[in-house]
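*Asks:* The listed protein sequences correspond, in order, to chains A and B. Note that the first sequence covers residues 1 to 255 in my numbering. Note that the second sequence covers residues 1001 to 1270 in my numbering.
Hint data in this document are derived by calculation from the structure and do not stem from the laboratory. For clarity, every value in this text was computed on a predicted model and none was experimentally measured. Idealized CB from N, CA, C, for every residue including glycine. Don't take every hint at face value.
[Stated by the list, open to error] Calculated pairs, DSSO-like style, for lysine-lysine (alpha carbon to alpha carbon, straight line, at most 30 Å): (1) B/Lys1143 / B/Lys1060; (2) B/Lys1181 / A/Lys167; (3) B/Lys1078 / A/Lys214; (4) B/Lys1184 / A/Lys208; (5) B/Lys1105 / B/Lys1058; (6) B/Lys1048 / B/Lys1060; (7) B/Lys1060 / A/Lys167; (8) B/Lys1143 / B/Lys1048; (9) B/Lys1226 / A/Lys13; (10) B/Lys1226 / B/Lys1078; (11) B/Lys1058 / B/Lys1181; (12) B/Lys1078 / B/Lys1105; (13) B/Lys1226 / B/Lys1105; (14) B/Lys1184 / A/Lys167; (15) B/Lys1078 / B/Lys1089; (16) A/Lys167 / B/Lys1226; (17) B/Lys1089 / B/Lys1048; (18) B/Lys1143 / B/Lys1226.
[As the list claims (entries may be wrong)] These stretches of chain A come out as covered by chain B in the derived footprint (C-beta under 8 Å, 3 or more residues): (19) 183 to 190; (20) 194 to 207.
[Claimed, not checked] Derived CB-CB ranges, DEER-like: (21) A/Ile59 / B/Asp1212: 45 to 55 Å; (22) B/Val1166 / A/Gly89: 40 to 50 Å; (23) A/Leu177 / B/Glu1178: 31 to 41 Å.
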Amino acid sequence: MSLAFLRAYRFSKLDTPVHRLDPRTKLVMAVAFTLLGVTTLDPLEILVLLLVQLIILTISRSLLMWLRSLRALLLFLVLILLAQVIATGNPLQSAFFALRFVVVASATSWFFFTTSPEDLGRALEQLGISADVALSFTLSMRFIPVIAEEFQSIFDAQRSRGLDVGKGNLWERTRSLLPVLVPLFVGVIRRTYEIADALELRGYGALKSRTRWKDPKFGRADFLALLALVALSAGLLYYRLVIPPLDLSKFATLL
Amino acid sequence: MTKIEILDVSFSYEPEREVLRQVTLDVPVGSSMSIMGPNGSGKTTLIKTFNGLLLPTKGKVLVDDIATTRTSISQLAKKVGIIFQNPEKSFFSETVRQEIAFGPKNMGFPEDEIDAVVNDVSVRFGLSAYLSSNPFDLSGGEKRRLSIASVLAWRPEVVVMDEPTVGLDHQYRVSLIEMLKGFKAEGKSVVIVTHDIDFALLTSDRTALMDDGSLIWSGSLTDLLKRPELFARANMVPTYLSSLCTELLRSGLSQDRLVPVDLASLLGGA
């Protein structure tokens, strides 16, 4: 058992056109891809959404990281595929269903690969969310990989003391995780107090309004990216509402 | 008694980045070895291969001639007890007694034997007065003693400690040196991961130096002291004590007198 896959969503500091986009633009794009992905079962729409995101991943030099994050989701993909094959009896339709999961997961992946938690926090503040909530969100994002590492080190320590989580039924397996989860939560709670103290010691909250070292700026590239997103969404919605969808059952008989 | 052989072991967490590179090393029965090197040199990764927590991507690790790939972690843990850095972070029980008993229970000790080993190690580590206390209420030194006691409870034949001196005061450091000497006297093998050169001098008779995932040198402590330039290769700075030992050897002091126990008495370190 490993939470190493959480590390796959870590921001990497690169200088690419996608990294330079305003975080708000990327947030809108990621939400749009997610919504377009979850509301369709049409193979063509799924392929188009995947292709566009592959282009974004290539431009942002994150393709390898994306593949690594997918490897961690492989089990879920296989489970979705199997469940769909059993439910529908159509392997091709089931494959596209699993691919839809990849489309939705990818929107989250490239967003976090290319957006630093600080930029995201600033963007949230500019969207009118309170500074405290934005900071909490930013810290949570930043600490996901840290907590994953902490989990791994506690898990290793307990396995070195003979803990075996692979034995018994589901209840027994869940119970056997207690020696890992208790110290993890104790550590997380302790860490939150330490962070709160460190923030106060460095003057956080001393003034009602805060100055910022750098504000995200909405530029020409953002405008073009959003324009492309609107065009893509409009095209997909036109296809969805006006043109009849592909009938995969015809293809399924060929398999 | 248990021996560990590391044969041409490489390991990588990610395909393109090797954390261990063709490491070959052995931990003979009854030996005391320190593994030193800078941060990120692969020391902790190496000891995680001793009990199968990590399996080599190339090469093999043999514990009593059995490859770690062919047995379970819990079987290996019976022989190789690893105490990780900041071990008190993995406490979870309500009482010190339960915390010590956790390992022996997992190892399948019968109930009456568990009581016996809990009482035995709690006396040895000065914890018998705290058996009903909550582990989180102990002081820093007591917590560290508990973490060591909770691994030694099932009497592993090889004791591996990762950075045992981090955050410890002088008094506990001295008692730790005594404890390690005691293990050696019992015939246990001891492996210490550290970048504390002085602590290694006082506790080990063999040393392995690592840098960037590779074993750059291994041998006896006295050989290392005769070649202080090796410290630089491992990105370490010789300490006053290690430099003094180097000078003593150069001025003709018999290397037999420079075994850890004599060294400690010679320099009043323990």
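*Asks:* Look at each hint and say if it fits the structure.
*Replies:* Now for the hints, and whether the structure bears them out:
Simply put, B/Lys1143 and B/Lys1060 have alpha-carbon atoms about 35 Å apart, too far for the 30 Å limit, and the pair is violated. Restraint check for B/Lys1181 and A/Lys167: not satisfied, since their Cα atoms lie roughly 38 Å apart, outside the 30 Å limit. In summary, the hint linking B/Lys1078 to A/Lys214 is not supported, as the alpha carbons are separated by about 55 Å, beyond the 30 Å threshold. Under the criterion of a C-alpha separation no larger than 30 Å, the hint pairing B/Lys1184 with A/Lys208 is inconsistent with the structure, at around 62 Å.
Between B/Lys1105 and B/Lys1058 the alpha-carbon distance is near 34 Å, which puts this suggested pair outside the 30 Å criterion. About 13 Å separates the Cα atoms of B/Lys1048 and B/Lys1060, which keeps this hinted pair within 30 Å; it holds. For the hint pairing B/Lys1060 with A/Lys167, the CA-to-CA distance comes to about 27 Å; that is within 30 Å, so the pair holds. The straight-line distance between the Cα atoms of B/Lys1143 and B/Lys1048 is roughly 22 Å, inside the 30 Å bound, and the hint therefore holds.
Of the pairs offered as hints, the one joining B/Lys1226 and A/Lys13 is violated, with about 45 Å between alpha carbons and a cut-off of 30 Å exceeded. A C-alpha spacing of about 37 Å is found between B/Lys1226 and B/Lys1078, which places the hinted pair above 30 Å, so the restraint is violated. For the suggested pair B/Lys1058 and B/Lys1181, the alpha carbons sit about 34 Å apart, so the restraint of at most 30 Å is broken. Restraint check for B/Lys1078 and B/Lys1105: the C-alpha separation of about 12 Å stays at or below 30 Å, so the hint holds.
As the CA atoms of B/Lys1226 and B/Lys1105 are separated by approximately 47 Å, the hinted pair breaks the 30 Å bound. A hinted pair counts as satisfied when its Cα atoms are at most 30 Å apart, and B/Lys1184 with A/Lys167 does not qualify at roughly 35 Å. At roughly 21 Å between alpha-carbon atoms, B/Lys1078 and B/Lys1089 fall within 30 Å of each other, so this suggested pair holds. A C-alpha spacing of about 52 Å is found between A/Lys167 and B/Lys1226, which places the hinted pair above 30 Å, so the restraint is violated.
With a C-alpha separation of about 17 Å, the suggested pairing of B/Lys1089 with B/Lys1048 holds against the 30 Å cut-off. Among the hinted pairs, B/Lys1143 with B/Lys1226 is inconsistent with the structure: their alpha-carbon atoms are about 38 Å apart, more than 30 Å. Residues of the segment 183 to 190 of chain A with a Cβ under 8 Å from some Cβ of chain B number 3, which satisfies the need for three, so the listed coverage holds. With a threshold of 8 Å between beta carbons, the proposed coverage of the segment 194 to 207 of chain A by chain B is violated, since 0 of its residues qualify and at least three are required.
Take A/Ile59 and B/Asp1212: their Cβ atoms lie about 33 Å apart, and the range 45 to 55 Å is violated. As the Cβ distance of B/Val1166 to A/Gly89 is approximately 59 Å, the hint placing it in 40 to 50 Å is violated. Restraint check, A/Leu177 to B/Glu1178: a C-beta distance of roughly 37 Å satisfies the suggested window 31 to 41 Å.
Violated hints, listed in ascending order, are 1, 2, 3, 4, 5, 9, 10, 11, 13, 14, 16, 18, 20, 21 and 22; each of the other numbered hints is respected by the structure.
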